[in-house]
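Peer 1: Okay, here's what each chain looks like letter by letter:
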Amino acid sequence: MLLPRSDSIHPNFNQDLQRFLFGREYQIDELPFPEDMIRQHVRKGLIALRRGVEAVDDGLFSLLLGSRRWVCRRCGNSDPGLFGSCACGRCRKSCVYCRRCLNMGVVRSCTELATWVGPEPVRQPVTPGGNGGLCEWTGTLSGEQAAAAAELVRCLNEGHSFLIWAVTGSGKTELMFPAIEYALLRGERVVLTTPRTDVVRELFPRMKASFPSVPVSALYAGSEDRIPDAPLVISTTHQLIRFHRCFDRVFIDEVDAFPFHFDPMLEYAVQKAAKEGAPFAYLSATPPPRLKNAYLRGDLKGTKIARRFHGHPLPVPLFCWAGNWKKSVAQGFLPPAMLKWIKGKMEAGIQIFLFVPSVSLLRELTELLQREALDHVAGVHAEDPDRHVKVTLFREGRIRILVTTTILERGVTVPAVEAAVFGADDPVFDERALVQIAGRVGRSPEYPAGDVVFFHNGRTLEMVRARRHIEQMNEEGGF
Amino acid sequence: MNGTHCLICGGIRQDPLTVRTLLLAGTDPGFCKNCRRKLAPIDLDDCCASCGRDLRLIDKSFVSGSVCSDCRNWAKSGRNGLFGRNRSLFTYNEWMKEIITMFKFRGDALLAEGFRTEFRSVYRKLKGSGWENLRDWLKTGERRAAGVKYIIVPIPLSKERLQERGFNQAVLLAELLGEPLTHALVRPGSERKQSKKNRRERLMIRKNPFLFNEEAAGSISGHKVLLIDDIYTTGATLRFAAGALEAAGPQRIDSLTLAHG
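These protein sequence lines map, in sequence, to chains A and B.
So the first sequence is numbered by the numbering used here: it starts at 68 and just counts up by one.
So the second sequence is numbered by the numbering used here: it starts at 859 and just counts up by one.
If you are wondering where the hints come from, they were derived from the structure by calculation, not from laboratory data.
Do not rely on the hints blindly, as some may be mistaken.
[What the hints assert, rightly or not] Derived SDA-like pairs: lysine to any residue, alpha-carbon spacing no greater than 20 Å straight-line:
| hint | chain 1 | residue 1 | chain 2 | residue 2 |
| --- | --- | --- | --- | --- |
| 1 | B | K891 | A | S425 |
| 2 | A | K410 | A | H536 |
| 3 | A | K160 | B | E1033 |
Make a model of the complete structure from these sequences and hints.
Peer 2: Here is the structure:
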């Protein structure tokens, strides 16, 4: 049998182009293929082109007023404040461009986006291992987990989306394995996506170890584990924006994490990356209202796991009034109630996560704590260049108090840690954030309990809701 | 366009409430206080009289008579020709570098709008208001006509580069002035990007990359010309441009750039 040479033109189309462009959407000049070759394929109806930025038809009224709304086809942006226009050097007219997805290369109204609409490329089927399966994870699922996993497989096969609402530390990741394995065996393309880079970096080695015979590709900014055409893709939601009708199944971990529910672009990216009618599996400890309500109404299938895998209840947060904390930090002293709590924990040799609402407060507070002659205090925030180093040091126990913004509210597991929120009444801390923060504590079977204290200046509805959420989950878990 | 959000960080601008902002229906697009604070504006009264460099930032030993040593070298080299002075709005610090990257290389053309007010006010100063001219006259006895208009010439891009970038950043900046532009220069070649060369390489080049556009000859002759560009680095580009214009016989050639560094 003759193997096709990589540069050979198939009677109908170029296979490299097909493989490159299938399930993706690129600007024509981004493609590493000559333009006339692309035009040929367009004429044959194998590649579809559309404008990058298009005017939305708003009906007669806006036509009369002469106002025009635009929509970016790559990122779904339709906010009139996020478009700019300038005299375009290419089309010699005034051209509108999208400002939201600029960092992926500018998309103008004269830009053409290309996607493959011809036949799907044939892929090597994944070969099952000795036990007839692909998953070589050796752990066992608890009864609750196994039931949820079976339900997930069943629903996705029927083409329904599914919500797994499981408390923090209940082993959500392992729950997905049967469903992922099933899809891979059928030769489908699966993506596991999450808004946070840290979570992708944590998931990737776990997935690779669990599915050793499957090519796994990890997509995040700066990733070195990109495998083209991998059947299993682990990706940040940002990276999915380049995909177009590619995946048969989509798993979204931490659906509610920032910035997913703040940024409509990411929602659009995920929707665009999935094939039409592909089922979604959502995983979260604190589902956003839209999904939660759909589940409670019965529109969205799902399951709830109210018990941690080690079988202990979730730690319930305590409220502690700390006075006007903003003012006291500005005046250079710590609220006495908090200082007392921290000193007590330090003497007991317990590590502390201290969450603060803003980066400026983080700096001041870290300095204050250091001045209180407490050793091994460090602050970490999103733009901190030493972020990963500090988190590692904290894990190793060499940093005793880690002051942080909400970036570490999920994904980080440190065995015997206790948590406090400084300024829990700040609007940054909503119910979901507070529940996630409380979920940092007591995750290991050896240390299943611990303090979670919200230091506040007047309790807010969000704080009360967070506590009620946790209590309710504990109740449902049978405590 | 929506002017309540910062063009760079997208945050709410929170400009102080004044009668003006209260009464005007919309605000012009611009930057928030935080993003603006990171810029390093150049004080026009304390800059190199020739190139517009912020003199506070360099050692006093490099300055004599409010002219920096680079400019003295240029004067000695005899390549100045009709090129008079340059003025820049900001020092090219890390933040400015980031903004220019976003503006020029990422293609966020709207960012230019954020510099509109500064650009215009520096232009007015360069042009000289009637009052200032009167003061100068009393001081020096040299009389100038009030606010003589400049012929504004943006530094062109080569066709290739314009195709690639989609717009000419100098034209966008020049348009901020709200005066008619004269495209008196063309750049036929396709040399390497200036930003990819080091200082020595830039100064070594002796072949002028610009050509004079004959059609504009009439409007240039005998007038003051103001060249517009995004960055003044070594001053080589602007002097080449000035050199290409000399044939048309302008009265003098000055330049205005967004950044200096």
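Peer 1: Each of the hints needs a verdict: does it hold here or not?
Peer 2: Quick rundown of the hints versus the structure:
no., hint, verdict
1, B:K891 with A:S425, "18 Å, holds"
2, A:K410 with A:H536, "29 Å, violated"
3, A:K160 with B:E1033, "16 Å, holds"
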